[in-house]
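S.K.: So the sequences go chain by chain: A and B.
The opening residue of the first sequence carries number 1 in the numbering used here; numbering runs sequentially from there.
The opening residue of the second sequence carries number 1 in the numbering used here; numbering runs sequentially from there.
These aren't lab readings, by the way, just hints derived from the structure by calculation.
We put the beta carbon where it would ideally sit given N, CA and C, even for glycine.
Only part of the chain A face toward chain B is listed, based on derived beta-carbon distances under 8 Å: (1) Arg72; (2) Gly163; (3) Ala379; (4) Glu382; (5) Ile384; (6) Asp419; (7) Ala423.
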Amino acid sequence: MLVYDRIMLRRLAHFRFGLGPAPSLRPSEADPRVAVLAEVGQPVPQPPGDLPSGEQGVGLYVARQRAIREARQRKTRAQFVSPTQVSDRELFARMDLARTTRTPLHERLALHWANHFTIGGQNYSSYFAGAMEREAIRPNMFGRFGDMLRGCTVHPAMLFYLGNRSSIGPLSEIGRRRGLGLNENLGRELLELHTLGVDGGYTQEDVQEVARILTGWTLVTDGTDGPVRRAGFRADMHEPGARRVLGKRYPEGGAEQLEALLYDLARHPATARHVTRRLVQHFVGEAAPPELAAGLAKVFQDTEGDLGAVTRALVSNPAAWSVPPSKVRPPIELLMSAGRVFGGLPPRPALRRTLLVMGQPYGRAPSPAGWPEEDDAWATPEAIKTRLDWALVAAGQLDASHDARAIAELAFGDGLSEDTRRALQRAESGRQALALLLMSPEFQRR
Amino acid sequence: MAASLTRRAALSGVGTLFAWAYAPRVSSAAGSRDARLLVLVLRGGLDGLAAVPAVGDPAFDSARLAPELREANATLPLDGIFALNRNLPTLAAMYRAKEALIVHAVATPYRDRSHFDAQGLLETGYPSLAMGNRTGWLNRVLAALPRGERLPPPGGLAISATIPMILRGPAPVETWQKQIFRYADDDTISRLLDLYEAKDPALAEALRRGASLDGALDLAEALAPERGDEPENGMAAGQRTSGGGADMASGAAAAARFMAQPNGPRVAAVSFGGWDTHVDQGSVQGRLARQFEALDKALAALRTGLQPVWRDTVVAVVTEFGRTVRLNGSRGTDHGVGTIALLLGGAVRGGRVLADWPGLRTNQLYEGRDLNPTTDLRAVMQGVLAEHLGLDERRLASDIFPETAQLARLRGLIG
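So here's chain B without its partners, still in its complex pose (with noise of 0.2 Å):
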């Protein structure tokens, strides 16, 4: 594997392993930063009230919820009114260590009850769906970047196939996915980049950056055992991807790997589904509890992968929407309205659950059924892009999250 190694190394030109690699330098108060920004999108509308729950508040039995969640030891207390599900003993461990921010009762303006409808607000950060020409507002984020001296525009980094809504824009962006095929070995991709070379610039480029990107993970994986040579039938990795939880931490993992690296993108963007709990969602025990322990080992890899730039960066986890306060006759809950948002890393001013809290009483909830939202998801962005990234107040309010100039954005949120 070495050997291979040094060759896509060479492959790749001039050692520089990323073609989009540029440095913003934010100048704080806090001083110099090179900020790096992930935002972990969970599909399917994370059950807010399972994941933090509100003990303290007058109406928690009585509103709900899963009962299981008043069992010994199924919660972990963060302050008086709201604990935390023990299937996240890392982001526990992070928010003692005050790099996790817990945002409560927070919503995008979105009010009505659709996945996709709901996730294009989230990730294009419009007010409506009836804005035309869709594009991602992390994407319009790497375009107001402040740029570093004597580098090329600013690129992200999406971990799939193709480019999710959230990154889509005329800022590049690179994809990077887990090994599905066993790897073209060196000989094949260097005849074919011969061949693109003399007929084809644009394809030599993408296949030099493709081969390339495959390459940094070969690197970062040689100390990790655990990815075998696969079968010659190139199969083996797809059939061991199945299982959710082990996709949600090698993505992250694959992200902060190339997040950690000195010329690694600044800005990047993940997904995992599975949040759609409308039947027995069990959580404490059960399908949404594994799904919270699969996303407590993507935190753990991230904390782990990113600690070279930990301190730099912020990883902000956010959903469509969140689900009925109450359990539906199926013991799961449906689409519902208000849910939380974290923040984590080393820059985040963590160890604090931020919330206006709205109340779990039947009179306190949105139409009745949902927790209520006060905290508006792009105030809270916008925080992070200010403070995190150095972005201006006007750019927010009009490129990034248009129409928005009314909105207050969460100040103290970095630092």
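The following block holds chain A by itself, in its conformation from the complex (with noise of 0.2 Å):
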């Protein structure tokens, strides 16, 4: 079919598995899917700087607190370091490396990934938010799922945001002497979200079930030169004895308890089904024929969830590679490409205010459930307008030197449609010019 002709793959290669093209970085001649393909199980990069990490993080929460503390007996006003500030670090952190990296898989998987694992902002997460994509997340996006998912679970971001670490086994030690209770959120949400899915098979015992294997991870104080809170595992707020989830006993165990829990949902069949379903829907979108998701389940079961394999198998695909672009692409996907193709954004309008207005805040999807997937969510009347609002103060920014026509050339070449290419040739201004390449079809869905 003539619309899969490498035209069409080399848009498909930008958008629907990057970021975009970057002018600045020389086209590819090769097969688009080849270097698709051959950024998988490549070394993942960091986004650059100094950036606190999870323990890090901690140190920052547990200053907050006393610098509150303390300016309330002084009646001061408490100077700190807030979990606002380190997000819009991570945020420009990483707007930086999608600007210039030359693996943008990497960048579009960190970015499923995080979302697949969500972390809201509430509860400070934002202060470990970062920490957990680039502890747990990026070292394992090629590597084992079980690895990942462990390294999320028991992170600070994700004990802060699910108020794990303040549930207490009600027969634990903490439990009968101040008689606090379970909080079931990280229970529900890792069977839910993270491992089996909606649909798979567990019960609301089970999660209560879950959630008191959680019980005890939260933050302990440990450290040689004095005093230091991370996150881990406390005994003596654990709920003793043997539980039952999906009809497996796991026997007492403190902390093994949860490790033997981990390890077999990460390799459930349900796990597989849920999880390569995502990923499709985040890549591929409505479209895409079930047998992608299916085959992909298949070889995550096959691998033990080895994420190298799987991204493999959805890239070398053709299923992935026949869906017409037919999502619309979410607001920091569009910032992203925008910053690549202008090799870089101005800084007004300001990056946080033009996500928050674009409906998509940085670091605070509206629930565990992370930003929504459908292939329209972001096409709502609201959304698509104010996209053009932004994208003409946008290109009102920017130098004159950009042409969009040279610009659409570079990156795009014969991709671009002729409808397109003729509203830029058209266009009464340059500024238009770089506002309809912005809001183009090409450049909105992919």
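Please assemble the complex out of the two chains, which come individually in their own frames, going by the hints.
M.R.: This is the structure we're talking about:
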């Protein structure tokens, strides 16, 4: 079929599996699919700059609490690094990386997995959300799903966000002394969103049992040079006893109980189906033939969750290249590819605010389920109109050397539709042409 | 501006500004009404006892509370027991005009203390968060509305960039938010529309509707000179909206203007944050007082903006939970359970406080610290949905608020 010729393949390589072309990087002349496939398994870069580790994030949180306590006593104003300040730095660092990277698939995968294990910003979790991506997600994107799952589940970001750090086994030492109880959040989301999926065959009793297994995973204090707080396991908060999840018995074993549970969940057939279904939905969308996800689930199952093999199977499957661009790109991708195509975004309008008004405030997904993935989720009237308003404002800030026609030629070559080409040529000003390029269907859908 | 209005109107087609326009006709004992429902979600946990203090409760003085609520002129008396915070004069006026019904000691089924779980239950209407596939109850209301004749499927409106949980679901929902960037000029809009019409009809439809929403606002704002043309860098509006108070009033005014249009949406949601007052809450003077003041201005904007349809309108003001009865060590309040809900509008049988009052003595409080909830918020909303929108009882107890067959809905709220 004509639409699946090399031009379409190049467009899909850029947008379905990447972040759009960067004119400064020489376009590859090879089969666009080969270039995407070659990214799989390559070392994954980290966003540049001095960003706090999970442990440092805990330090920032502890410092904040102390500063507020002291300021209250002294009746002064507390000085501390806020979660939003951390999140801002994370955002700028990742935009920098997205602008210059030669492995844009990695950035897309990082966005996807960070959304799979959503950290929504509540409960101070923005102190650690970036750290979780750098420590648990990026190093495992071509490794084992089980390692990613474990890393995210016990990361301070997750323990704070879903309140597990204050979930206490009622029969644990502390539970009996203080009469405090269970918080089921992480137990529920672990099953519903991170592993089995909502139709994965578990019950409310399973959720509670998982929540009991998770008790004790919180902040601990240790360290040889004075006390350091970090995420870890506290036996005195852990609900004692054996547990039963999905019919299987997990004997009493403190921290080991969770390890055993996660090992099984990561290999469960429902997890294979749920995780690969979300992956396909993110990259290909609603029109993907069901065999695509089914095939990936089999690879996941056969390789015990080898995400390198799963990703390779995704990008090398002809079905992933046969669905025409149908998903409206989320705001963060749009801004990343605008940054790439223009060699940087103007400082105004400010990035954080732009994402906010486009409906995707950075690090603040509306629920643990993450950002919506339906093909047209971002095509609401308000959102599309706001994109156009933004495109004109942003284009007005770019220096006059940017010529939309030249950029389009370099970026898309023959992949630009005749209609878009004509619209750019006939634009009444350079600024209008740049805005039309950003808003063109080629740029908006993947 | 007038010239651009005409062109915007032309862009949007045949003078119909709202593609989702429809009009459910609600037949009731009172005759046929074209009912409107706006849900105002106060996020963060509103201190119901600071808004509507039970000054006549014998335990009121010892129970807490903000001592300043006892000072002269701190409150406006409502009935023998309840008074209204003096920073809510518009609400007081509505109460006197019998357009405001206060329900006290209300809560969702949620009994823990997480904001987003509590908002999850408030907005999904589910009995617990264990239920998967989350949609918002207000979206399910849209799907259940009786349809007017020859009209497209009903849609709702959210005043926000994306659809909040309460309106998420299969029924179509429009979103609108206050302008941040300078609006795109009509010439660029029409060029992009040409391109989309050739290549991408769905984006064309979205852009056309997005532009017509802005156009509808221009129409209303042409009368209000405060929104001048923004400077070229497009950021002035953004900077101007940083104050929470101004945002409340403008969000409310926008919702009102949309809903007051003959073809406007009949169901909408707006939410306001800033109610999580853990520290120095200042119920009469201070932070919470300023929140009340801003809310009051928003209520005034609603009443003014909705005037043409006020008679057929219910505005429901709800929050995810209340706050502790006693002040904490930082002169604020922590997450609690029981709080208030407000029903406002010409359709409401107002001028009353509805409460199965649980009392404020320590042994009467929930877990010794919170106002004990005696009314389920879902029973309040079921009452509104049945009497105001004509939804049938069976559906209310299954689709809209699942597993509530045992719950007796409140009666006599409307009319």
